[in-house]
Amino acid sequence: MELKLKKIGENTYELDVRGNTCPFPQIFTELALKKIGDAKLEVITDNPPSARDLPIVFEKKGYKVESKKEDGYWRIRIWK
Amino acid sequence: MMEIAIELGEIEKFIGKYSLGRDNGEGSLHFLRIKIPAGQITSDKLREIAKLSRKYGRGYAEITDRQDIQLHWIDSEKALEIFEELYKLGYTTDLCGQGFSGACYGDVRNIVSCPLSGKISDFDVAKHAKELTEFFSGNPEFIDLPRKFKIAFTGCGGDCVRLGINDLGMYGIELDGRRGFVPFVGGSIGASHPGPSLAKNLGVFVPEERVFEFVKAVVEIHRDHSSRESKAKARFKNLVNSWGIEKLRSVIEEKIGKLERIEGIELNYAEHNGSGEQINGLHYYTLPVVGGVLNAEKLDFIADMADKHGEGEVRLTPQQNVTFVDVKDVEKLKRDLEKKFQIKEGYVYYNSIACASNFCGKTRDVHAKDLLKKLIEVCERRGVRDVRLNVSGCHNDCGCVNVAEFGFMARMVRKNGKVVQGYDIYIGGDFTKLKMSKPYKTGLTVEEVIEEFEKLISR
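Sequence order for the protein chains is A and B. Position one of the first sequence corresponds to residue 1 (the numbering used here), numbered consecutively onward. Position one of the second sequence corresponds to residue 1001 (the numbering used here), numbered consecutively onward.
Take these hints with a grain of salt, some might be off.
[To be verified] Per label pair, the in silico range of CB-to-CB distance:
1) 1440/B - 64/A: 52 to 60 Å
2) 1338/B - 66/A: 54 to 62 Å
3) 1385/B - 69/A: 48 to 56 Å
4) 75/A - 1256/B: 40 to 48 Å
5) 72/A - 1177/B: 49 to 57 Å
[Unchecked claim] Residues of chain A placed beyond 12 Å of chain B at every Cβ, according to the derived structure:
6) 38
7) 40
8) 62
9) 63
10) 64
11) 67
12) 68
13) 75
14) 77
15) 79
16) 80
Since the hints were made in silico from the structure, they are not lab data. For clarity, every value in this text was computed on a predicted model and none was experimentally measured. Glycine included, every Cβ here is placed at the ideal spot set by N, Cα and C.
Same shape as in the complex, but just chain B (with noise of 0.2 Å):
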């Protein structure tokens, strides 16, 4: 049979790195999600990513909870051309295989760190997060896992980052004068097989040292052992449910040896809200962004205020934040940023998060990020700031209405002979207990959420 060879050229490189995901709202038909490891990010970077906002995404750029900066609007036609921009920064971006219906193409997405790595302590986690996501970015034998894999890491001695929604979430202790991690395993609170689920404790120390080999050998596991027999059991949740923690720890050691045991790990409640002292003397700065929703012109006017006030490096966090590190003078430099961004301190602002719904098309009007700002109002006009909100426009939970406090799970609800947007309330979640949110009240209008949350939070 008569073949004919095509030569890729220079579009080979981008293979395995980069893809654009799929959009169904607002006029979207692609998001563009920017890898930024471990969320640390130059105010040089930021402005090339301002750049590709105004060229390519009409402007427009949002922070995800797991510290990616996403575009929308990307014109396919242009792929390349950003691709070839992304490259020069050295960043990739997640490969959006779940369009595919089978078992098949997942990626280790963006590894999540603590944000203040290295900053209020000298464990600087973060290291870890860039070289794997260095590792894994493109690398062939990991570009087909059955499904996608989530890795998080913390080292400020306590849950920042969600560790249990991951499929591995490594908590940063110190053992006997040692550093190292304690794995998680087996998060996803998506729906699919066994359903939401909490990471559960390995039980073993990981030292420093060894971190690359454990990590490598799990992702290695999930590989060739999670079900290749349907998309909705792939996760290496189900896998670890079926194995067990034991089999697990074992298969892992079969890889590379021995791992010390360690019992009685429980994770600590941490949060980088407002400002704080670094161990360098300096300060740090967390800009509370609801929603994560930005723009060019505020990627810019953040990138002046990291070179002014900082050493030209910002931190993006999983609650959708900037945090600004290596402050001289906080009180200036929120002055500052008051020029550009209505700032808003309490609990509310900084640990609320909605995904991206209105574009993925998953709801209708009221979509997630618009709820999340009603639902705060609600919370202004009660004078409640202590409340941590999660909004999500369907089942797979990228909003992390599983482990929320109040959260809110888009479904459509017959209204007056009418199929209009609704939301199920949940409550009750506590991501560093490892406790699940439970649904409240369910199949709600917008206005009945609202007047529920009103009752909730006036109790």
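Bound-form chain A, shown alone (with noise of 0.2 Å):
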């Protein structure tokens, strides 16, 4: 399995994790904020348990975290 990070805008970051159910979207979540350092995160997921957990458990990491509903899906954004 391929993940990978998009450039989406002059200090931000795209992670489509689509397909993956739970925990799978807060890991590469993980994986993927150790190497934007810095950056602006947005995570597209579909699973709704994955919704529901990464503004929770990125917020009491120190993030900061919006998440918006599109079509059939989420984008997460995530940052310092």
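Take the two lone chains and join them into the complex the hints point to.
This is the structure we're talking about:
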């Protein structure tokens, strides 16, 4: 399985984890955040439990999180 | 466009084989449903699961009606540690893709088997369940089914596993000295389209040596032909209903060749309660576990008893019980078990089941397992032991109300201007006769349910 971070803005990356069940969206998000340092991350998930969990988990870790439901998936923005 | 690759390293081996399910009750956010193939587990592995329960699941554990062991209160931050432990044990979990809104990411669920496979006859159907589990678990070709797929095997001469509620129930028979299976197809008693359905006889004989290719072909047909239009239409029962048996049979035969026709096969009743003699002269004993509720201490104790009185193996049953096999002296085993379990013999204790609605969040107080306890108290008060009770927290019907003799399906009801937890009562189901239960009284409060049930069993 290949996991890729896509640069979508000056200091913003996108991580598409659609199709992954809990807890992998969270685990992949963790790996991505380590990789991009201070940049902003936008995670795309279609797994409702992950959409519930990601804001809780990463806010607890001191990140700012914004979640938006789009067409059949959630776009979750995470930054410091 | 610039891309950065993320190395998954060791994590990769868990993908497609492990997941956490969503809880929303009792303060639990995630459950871990460990597949125990054919329900067969050694004492060593039971102790390892007890350790996991203590370390990660507040010491709680329950047996599901598909012979899994389920833990709750799993912290998703610890998931990789837990998956590593399970990987070492050779266990996988259900892929709980039910969270997805679309018709996708379905997997083959724990394959159920007669708990006495190979013990009361030498027809070992569990070997097929285990071989197929090995094949399907994490197999990239089979982890994006339109929806989940449930398989069950029996070979004891009867239906001890509720074959008819499975997408594919393999009924073991002997035909002219040859062993094989009559498949029942398209069962599923959840609410999805076209509604609760019991499996239909496919009218063929699948000899043992063709079981693997047959089951694989059926799951492929589900994968390739069941509707991906919407989740509600994606269960195999919907395809079976729209194609009909003849078309399904001919599509299977296009894939694997001709199958022998067989008519007039009906399911026989079977249960493995209490104790009995095995073909090797040793005995089995089934310990009733109401609602399948155990804890780490009891798992350890069961493991110790399996070592002391048998050969270190137990079988989990689709009735959420524990069957000890290869027991030398049943009475001694029972005397020892009484140190930790209050053993109550009777059909109602052995055959009643209830789902984990307290954890999934589908019910408020009184939850499914709690209602089961209350109903059993009613039975005890009235001196009735020969009834089978099924309790489900919602219309997805994990507690099998749709085949219940007495079934209780949760719903919210309005009482004195307040919305409270209530239940509908269903009666008259019989899974062996492939007969669904019917609603008897609906929209009752728990107090009304108890009252009505007491009247019903007092008749």
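Hint by hint, here is what the structure shows:
| no. | hint | result |
| --- | --- | --- |
| 1 | 1440/B - 64/A: 52 to 60 Å | holds (54 Å) |
| 2 | 1338/B - 66/A: 54 to 62 Å | holds (57 Å) |
| 3 | 1385/B - 69/A: 48 to 56 Å | holds (52 Å) |
| 4 | 75/A - 1256/B: 40 to 48 Å | holds (45 Å) |
| 5 | 72/A - 1177/B: 49 to 57 Å | holds (55 Å) |
| 6 | 38 | holds (15 Å) |
| 7 | 40 | holds (14 Å) |
| 8 | 62 | holds (15 Å) |
| 9 | 63 | holds (14 Å) |
| 10 | 64 | holds (19 Å) |
| 11 | 67 | holds (15 Å) |
| 12 | 68 | holds (16 Å) |
| 13 | 75 | holds (16 Å) |
| 14 | 77 | holds (18 Å) |
| 15 | 79 | holds (17 Å) |
| 16 | 80 | holds (18 Å) |
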